[in-house]
Amino acid sequence: MDKMEELAKGIVCVCVGAMRKPCCDKQDTNKGAWSKQEDQKLIDYIRKHGEGCWRTLPQAAGLLRCGKSCRLRWINYLRPDVKRGNFAEDEEDLIIKLHALLGNRWSLIAGRLPGRTDNEVKNYWNSHLRRKLINMGIDPNNHRLSQGVPRPRNTENNTSSSATSSGGSKVKKPYTSKPVKSIRKDMDQVSDAGSCLEDDPSSRLPDLNLDLSITTTSANNSHSHKICLQDKDRKQNELIMDTSRDNECPVSPTLLLFR
DNA sequence: AAAGAAATCAACCGCAGCCCG
DNA sequence: GCGGGCTGCGGTTGATTTCTT
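Numbers given in this note's numbering equal positions in the first sequence, counted from 1, plus 749.
These are calculated hints, taken from the structure and not from any lab test. Hints may contain errors.
Claimed, not checked - Straight-line Cα separation of at most 25 Å, SDA-like style, residue types lysine to any residue; simulated pairs:
| no. | residue 1 | residue 2 |
| --- | --- | --- |
| 1 | K785 | K817 |
| 2 | K797 | E787 |
| 3 | K780 | I824 |
| 4 | K817 | E869 |
| 5 | K817 | A837 |
| 6 | K871 | G801 |
| 7 | K780 | I883 |
| 8 | K785 | D867 |
| 9 | K797 | F836 |
| 10 | K832 | Q808 |
| 11 | K832 | E800 |
| 12 | K817 | D793 |
| 13 | K785 | R804 |
| 14 | K785 | D839 |
| 15 | K797 | P829 |
| 16 | K780 | H798 |
| 17 | K790 | C802 |
| 18 | K780 | F836 |
| 19 | K785 | Q808 |
| 20 | K817 | R796 |
| 21 | K790 | T805 |
| 22 | K785 | E840 |
| 23 | K871 | I883 |
| 24 | K817 | H798 |
| 25 | K790 | D839 |
| 26 | K817 | D839 |
| 27 | K797 | N835 |
| 28 | K797 | Q808 |
| 29 | K871 | G811 |
| 30 | K785 | W803 |
Throw the hints in and build the complete structure from the sequences for me.
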């Protein structure tokens, strides 16, 4: 079936010469996991020539990969400034807040997390944070308190569970109320992220073509993120997301967003 | 110890937007 | 203004790892 489709595509491409070329000649490219040699070739080439021109890079670097694949491998894994390992609690909070603001714009979110890639943030959201919010009774798609999901009885328990998920050891099944597959089904039933902003015109975001800059300030026990939203007209608005963790506020910083 | 289930993450795919001729 | 090429993004898949029974 697949081969027939490929064949058919090929025939069509030959017949209509002006048609858009595929990003690479799939017959001549490797797929799947990268070998160490391939990684090294890519690193060496980019060190010499720099990033860019992904389409011609594989051939120039002697790689049997398509340009897209090279770019992805470099950005997500090989780039020297890629930060690997568990997400800090700060980073988790920031992702949740930015997701509430921006929706699934992973590259924008990742851009605010030094050393993190969009793919990593996306994976982390889908595997950890989504469930975390669900468990807290928050709809991860629109960041509203959801009615169908039981509210947390003890906030402290929930915040502590969040700490474990971001901690050093891998804690499996921190939020076992729902298997992933059923969560994915749920996704179909609720609107996209940010939709809550759409059904409430008063809270609609002005324009998401924003220049976001975030500064993290930590002093003593207080902790806050300042987010500067700069729109196309260079009109700047500052949004302070107070995530202070002092004793007055035993609630997870995450929930402050929904107050 | 083994098998099955669940979780994680790297990589692929297709589309949209930008840029340039 | 239009069309084609390239890049980047987000959704999805599938292999691998880890946990549970």
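(request) Verify the proposed pairing of K797 with Q808, using a straight-line Cα cut of 25 Å. (result) Holds, at roughly 15 Å.
(request) Mind checking the alpha carbons of K797 and P829 for me, to see if they're no more than 25 Å apart? (result) 14 Å, holds
(request) Starting from K817, check that the Cα of E869 is at most 25 Å away, please. (result) Holds: K817 and E869 sit about 17 Å apart, inside 25 Å.
(message) Does K817 sit within 25 Å of K785, going by the straight-line distance between their CA atoms?
(response) 18 Å, holds
(message) Next pair to validate is K797 with N835; report whether the Cα-Cα distance is within 25 Å.
(response) 31 Å, violated
(message) K817 and H798 were given as a pair; does the straight-line alpha-carbon distance stay at or below 25 Å?
(response) Distance ~17 Å between K817 and H798 Cα, so the pair holds.
(request) Starting from K797, check that the Cα of F836 is at most 25 Å away, please. (result) 32 Å, violated
(request) For the pair we were handed, K780 and I883, check the Cα-Cα distance against 25 Å. (result) 36 Å, violated
(request) Starting from K832, check that the Cα of E800 is at most 25 Å away, please. (result) Roughly 19 Å between the alpha carbons, so the hint for K832 and E800 holds.
(request) Assess, step by step, whether the Cα of K785 is no farther than 25 Å from the Cα of R804, and give holds or violated. (result) 21 Å, holds
(request) Decide if the proposed pair is consistent with the structure: K785 and Q808, CA atoms, cutoff 25 Å inclusive. (result) 18 Å, holds
(request) Starting from K785, check that the Cα of D867 is at most 25 Å away, please. (result) The hint holds at about 23 Å.
Violated hints, in rising order: 5, 7, 9, 10, 14, 18, 22, 25, 26, 27 and 29; the structure is consistent with all others.
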